[in-house]
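Chemist: Top to bottom, those sequences are chains A and B.
All residue numbers in the first sequence are consecutive under the numbering used here, ending with 253.
All residue numbers in the second sequence are consecutive under the numbering used here, ending with 1228.
Hints in this document: simulated from the structure, not taken from any laboratory.
All C-beta atoms, glycine included, are put in the ideal place defined by N, C-alpha and C.
Treat the hints with caution; some may be incorrect.
Some chain A residues close to chain B (C-beta under 7 angstroms, calculated; not the full set) [stated by the list, open to error]:
id, residue
1, Y9
2, I10
3, P19
4, I21
5, H26
6, K27
7, A99
8, S102
9, L104
10, M195
11, T197
12, A200
13, K201
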Amino acid sequence: MKKENIKQKEYIKQLENLELPEIETPAHKRQLRIALLSAPRFTQSRARRLWNAMGNASSMKKIIPIGAIALVAVVALVVGVGFQGITPRADAQQVTRLSLATVSALPAEDSSALTAILNADPATILKEAQNASDLTTLTYDQFVALYPQDGYTAIGVTQANPAGASTSVAFTGTLASSTGIARTPTPITTPAALQAMATIKAKIAVEQAALKTAKFLQFTDPQGEKVTIAVGSDNMPISINITLTNGLRVGQQAL
Amino acid sequence: MDLQREKELVERARGDDPDAFGALFDEYYQKIFGYILKRTGVVAVAEDIVSEVFYKAQKGLWRFAWQNVPFSAWLYRIATNEINGYFRKGTFRRSVSLDALIEGSDFEVADANDLIHELEHAERELEQHALFLAVRKEIAKLPEKYQEVVALRFFENKKVGDIAVILNKKEGTIKSLLSRAVEQLRNSFSDRPASEQTQMQPFYSSSVMDGERSL
């Protein structure tokens, strides 16, 4: 019996020491990540919204009788369905959600490059858009009407700032810092980052050339500034323009 | 990832935050893929099943109630169920394909050749682990309940308590299953024909097998 136990233990040790394959599939991982995060399925189902609105089911059971839960559920469902069906923001929310998922799925280098090109962190801004109560879509004509001088290209302006000194918007990220917009891109230095920068720039240039097919979002950010985002056909933000409360406008650098 | 951080991410992911789900995905993709691969021994099947696992996790996240059961344990549980389904049917039928997910997402698909080359490379790499594959083959002959505990214990290095959480069983049950599984596995090795013993030399040349012969 004792011998049997020793054998068993040694055998277990052998299994524990078995050399295991450590195989990685980064391309599959990346594809799956993109698919999951940008798929419309990621959007909340009505049932899920209701569940979240109700909070944790087990804690609800402790404080509210079952009948009340059922009543709340029915009312919430009716209100939820009605609200979802009539909301004018649905389209803007969907565009924002898809764009945020696309940005989130970008590799780190592409993400840094996009941030540098747009002179703002698109993920932060899209999250602000998601939470904005006045999020809406604009048509191409409305967008152009808003920016008649320069359309979608560099929305830079040179204007006296409150301190009286001339503020040249060179889109290096410094303006974003000085205006308290905490979305400053990090410097692009490595060869891989430069390569990513070139790729993203080229991609955005193609999208901007066909701007009429882009989608335009507008909302007021937590600082009270009007923000307009152009979103390309592949859900990538291709332009971010922020109208500051002091009249300045900032946006991405001309390509 | 500590439990508090994981809990925060799960809550955010449930609240429709793709970043949070992305962080959970990044944390656990490799672990879950590795587990499935070690159970099935086929890279293509592992890729399919891991896609299904994360798809189901994403779809069912709103139902996931945090009761001190880590998200990772939940993923392992989904993966275990999918693997068991694969072994029962002898094939894996996806409820969703990666292609369909990408198609529905309006997202530009990257070069499909990358995926094919990666798959081929991974299959070749797996073939290098002959001893592991031989042991895995023996494990795959065990009843499902034994396969689960052996794989989680020896392939994933999980503690008995963790396995109990993943499989939703008592620790005592897991210990008992492990003991019987190892015993069966040991017997299956001793029954292998001599021609196969070279491939599995470490298991045969050990003091265990020597000891057995000397009995």
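Chemist: Now, for every hint given, state plainly whether the structure supports it.
Modeler: Each hint tested on the structure:
1. A least Cβ separation of about 5 angstroms between Y9(A) and chain B falls short of the 7 angstroms threshold, and the interface hint therefore holds.
2. The closest approach between the C-beta of I10(A) and any C-beta of chain B is roughly 6 angstroms, which is under the 7 angstroms cut-off, so the hint is satisfied.
3. Residue-level restraint check for P19(A) holds (minimum Cβ-Cβ distance to chain B is 4 angstroms; threshold 7 angstroms).
4. For I21(A), the interface hint holds, the least distance from its beta-carbon to any beta-carbon of chain B being 5 angstroms, beneath 7 angstroms.
5. Among the interface hints, the one on H26(A) holds; its C-beta lies about 5 angstroms from the nearest C-beta in chain B, closer than the 7 angstroms criterion.
6. Given the 7 angstroms rule on beta carbons, the hint for K27(A) holds: about 5 angstroms separates it from the nearest Cβ of chain B.
7. The beta carbon of A99(A) is positioned within 7 angstroms of a beta carbon in chain B (closest approach about 4 angstroms), and the interface hint is therefore held.
8. Because the smallest distance between the Cβ of S102(A) and any Cβ of chain B comes to about 5 angstroms, under 7 angstroms, the interface hint for this residue holds.
9. For L104(A), the interface hint is violated, the least distance from its beta-carbon to any beta-carbon of chain B being 10 angstroms, above 7 angstroms.
10. A distance limit of 7 angstroms between C-beta atoms decides the matter here; for M195(A) the minimum to chain B is near 19 angstroms, and the interface restraint is violated.
11. Taken as an interface hint, T197(A) does not check out: its beta carbon lies about 12 angstroms from the nearest beta carbon of chain B, beyond 7 angstroms.
12. Contact between A200(A) and chain B, as hinted, is not supported at the beta carbon level, the nearest pair being about 14 angstroms apart and thus beyond 7 angstroms.
13. Of the supplied interface hints, the one on K201(A) is violated, with its beta-carbon coming no nearer than about 9 angstroms to a beta-carbon of chain B, more than 7 angstroms.
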